[in-house]
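Quick note, the sequences are listed as chains E and U, same order.
Just so we're aligned, residue 1 is where the first sequence starts under the working numbering, counting upward by one.
Just so we're aligned, residue 261 is where the second sequence starts under the working numbering, counting upward by one.
Keep in mind the hints are simulated off the structure, nothing from the lab.
Check before you lean on any hint, since a few could be wrong.
Result set (DSS-like, lysine-lysine): computed pairs, CA atoms no more than 25 Å apart in a straight line [stated by the list, open to error]:
id, chain 1, residue 1, chain 2, residue 2
1, E, K57, U, K285
2, U, K277, E, K23
3, E, K54, U, K277
4, U, K281, E, K97
5, U, K429, U, K285
6, E, K97, U, K429
7, U, K525, E, K97
8, U, K285, E, K160
9, E, K57, U, K523
10, E, K57, U, K525
11, E, K40, U, K429
12, E, K142, U, K429
13, U, K277, E, K162
14, E, K162, U, K523
15, U, K281, E, K154
16, E, K154, U, K285
Just the calculated beta-carbon pair ranges, DEER-fashion [what the hints assert, rightly or not]:
id, chain 1, residue 1, chain 2, residue 2, range
17, E, S136, U, K525, 24 to 30 Å
18, U, L293, E, E149, 47 to 53 Å
19, U, L393, E, R179, 51 to 57 Å
20, U, L299, E, K154, 47 to 53 Å
21, U, L381, E, E138, 47 to 53 Å
22, E, S165, U, L293, 50 to 56 Å
23, U, L299, E, K60, 55 to 61 Å
24, E, T99, U, L381, 34 to 40 Å
25, E, D224, U, L299, 56 to 62 Å
26, E, K210, U, F440, 56 to 62 Å
The model shown is predicted, which means the values in this text are computed figures rather than measured ones.
Ideal Cβ placement from N, Cα and C applies to all residues, glycine included.
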Amino acid sequence: MSKRPTGTRIKINDPNAPAISVKNLHKSFRLPTEQAFGLKQTIFNRLRGIKGYKEQKVLKGLDFEINQGDFIGIVGRNGSGKSTLLKILAGIYSPEKGTITVNGSLVPFIELGVGFNPELTGRENVYLNGALLGFSNEEMNKMYDDIWEFAELKDFQDQKLKNYSSGMQVRLAFSIAIRARGDILLLDEVLAVGDAAFQQKCEDYFSSLKNNKQTVILVTHSMDNVEKFCNRAILIENGEIVESGEPHKVAKAYLKMLNQ
Amino acid sequence: MIKIPHILNRRNRVLLKELTKTDFKLRYQGSVLGYLWALLRPLLMFAILYVVFTKLLRIGGDIPHYPVYLLCGTSLWSFFSECTSQGIQAIVNRGDLIRKIDFPKYIVVVSATFTAVINMLINLVVVIIFALLNGITPSFSWLLIIPALLELYFLSLGISFLLGSINVKYRDVTSIWDVFMQALFYAVPIIYPISMVAATSEIAAKIILLNPIAQAIQDVRFNLITNETITTWNYLDNILYAFIPVIITVVLLAAGSFFFRKKSKFFAEEV
Chain E
1 MSKRPTGTRI
11 KINDPNAPAI
21 SVKNLHKSFR
31 LPTEQAFGLK
41 QTIFNRLRGI
51 KGYKEQKVLK
61 GLDFEINQGD
71 FIGIVGRNGS
81 GKSTLLKILA
91 GIYSPEKGTI
101 TVNGSLVPFI
111 ELGVGFNPEL
121 TGRENVYLNG
131 ALLGFSNEEM
141 NKMYDDIWEF
151 AELKDFQDQK
161 LKNYSSGMQV
171 RLAFSIAIRA
181 RGDILLLDEV
191 LAVGDAAFQQ
201 KCEDYFSSLK
211 NNKQTVILVT
221 HSMDNVEKFC
231 NRAILIENGE
241 IVESGEPHKV
251 AKAYLKMLNQ
Chain U
261 MIKIPHILNR
271 RNRVLLKELT
281 KTDFKLRYQG
291 SVLGYLWALL
301 RPLLMFAILY
311 VVFTKLLRIG
321 GDIPHYPVYL
331 LCGTSLWSFF
341 SECTSQGIQA
351 IVNRGDLIRK
361 IDFPKYIVVV
371 SATFTAVINM
381 LINLVVVIIF
391 ALLNGITPSF
401 SWLLIIPALL
411 ELYFLSLGIS
421 FLLGSINVKY
431 RDVTSIWDVF
441 MQALFYAVPI
451 IYPISMVAAT
461 SEIAAKIILL
471 NPIAQAIQDV
481 RFNLITNETI
491 TTWNYLDNIL
501 YAFIPVIITV
511 VLLAAGSFFF
521 RKKSKFFAEE
531 V
């Protein structure tokens, strides 16, 4: 296990500074090569001087700033590195090189319903998911009824989650998620699910975020959403920023890239 | 190193509580008797030990209250075994969370070991009930089992941190640990009295007592059941040697936490 370099992730609390600033961010993953699994092969490889992994560069020197109140869209093709970027911003992955400064509290939604367990009841899952989102018990007690009201699932509270349909699970998760309060929200494609009625609720939620001047970072494939909600956008391709600024301009560049 | 307010901050406390609750609930999910099993298991265990060792084998003839003495040992061993196996696998078992949310990773390990702590406390109550039924009178020395139990817990935690970090990349650790535990079981005086070893080889008995698990179990037996128990403290001539088990525990916990902290940055990618 050779030593891996790490960049820095700084947390500050300064009302006058940008919400997030990223400088020269690099990230690569070590993908084990075929024969490198398990202890035996690792020892053999070490003896023979084989590294046993392949380094894959995912982000190659990103620089950008997000101002407070920005609703920023991050777009790019599958595998372009945008989800990795989001995970680094969220603190899940550590940067390899470069500096990330996060100003204030940050609430990430890499996925709805993190920690949901099919063997637990709806009620137990709500408290577990709430704890993962950083709510205290008192806060959860206070908002508990509202969560079920909004999800329109009041009668299912004491059913096990495995008896919910997938749509019902998403509704419940979303209903908890929108209660999270942070200075910065990170959303990864969480809204590509659900029926038309649910989509409408998501749109309303987005509009309310935009109107409240909430800082939001949205990773999405939907250029409609980028143009409708974002005031800025960033296009990532092969781990580099290839276009940024006006949402309309970025959306156009993205569509052009897809058609090439 | 790790800042204390960070460990005890509100968010982490709530998370620890919820994860522990979840683990405990899931353990007894789908069984008719549910939580009752946590109590029923040691009771049935005692019934078996009682029959085997007082009616059939008679190994510990000279030790007073031998069945209780035995139950005490097996309960503590189960605690150590459950604690480490759950702790080592905690990060891998909770990979889904670690890949999606940023939180201090040690919470996952600690919550996994807390289920074992709860089970141990239940077992301890059973042991105490049988101790009383066997005519052992309660005394203030019972309180002295607390440091021994803490030592056993910190030892488990240190091992969990250390091996759990390696297990993320090399899952072989889980299997190796299983086999190692089988061997270790016989290296600790649980089902045989240490006096049996001492009768053939004093030096072997002394080496056995340098193992922190053996030391902790003998300490609990000494304070709870009978002060005829041979312990590290009363059997080793040089009192300085008697501190070796404690030192092993402290070193393992410190090294484990340090290593875990260093490795935990990459758990999300590797798990």
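- Message: I'd like to know which numbered hints this structure contradicts. Please list them from smallest to largest.
- Response: Hints 1, 2, 3, 4, 5, 12, 14, 18, 20, 21, 22, 24 are the ones this structure does not satisfy, whereas the remaining hints hold.
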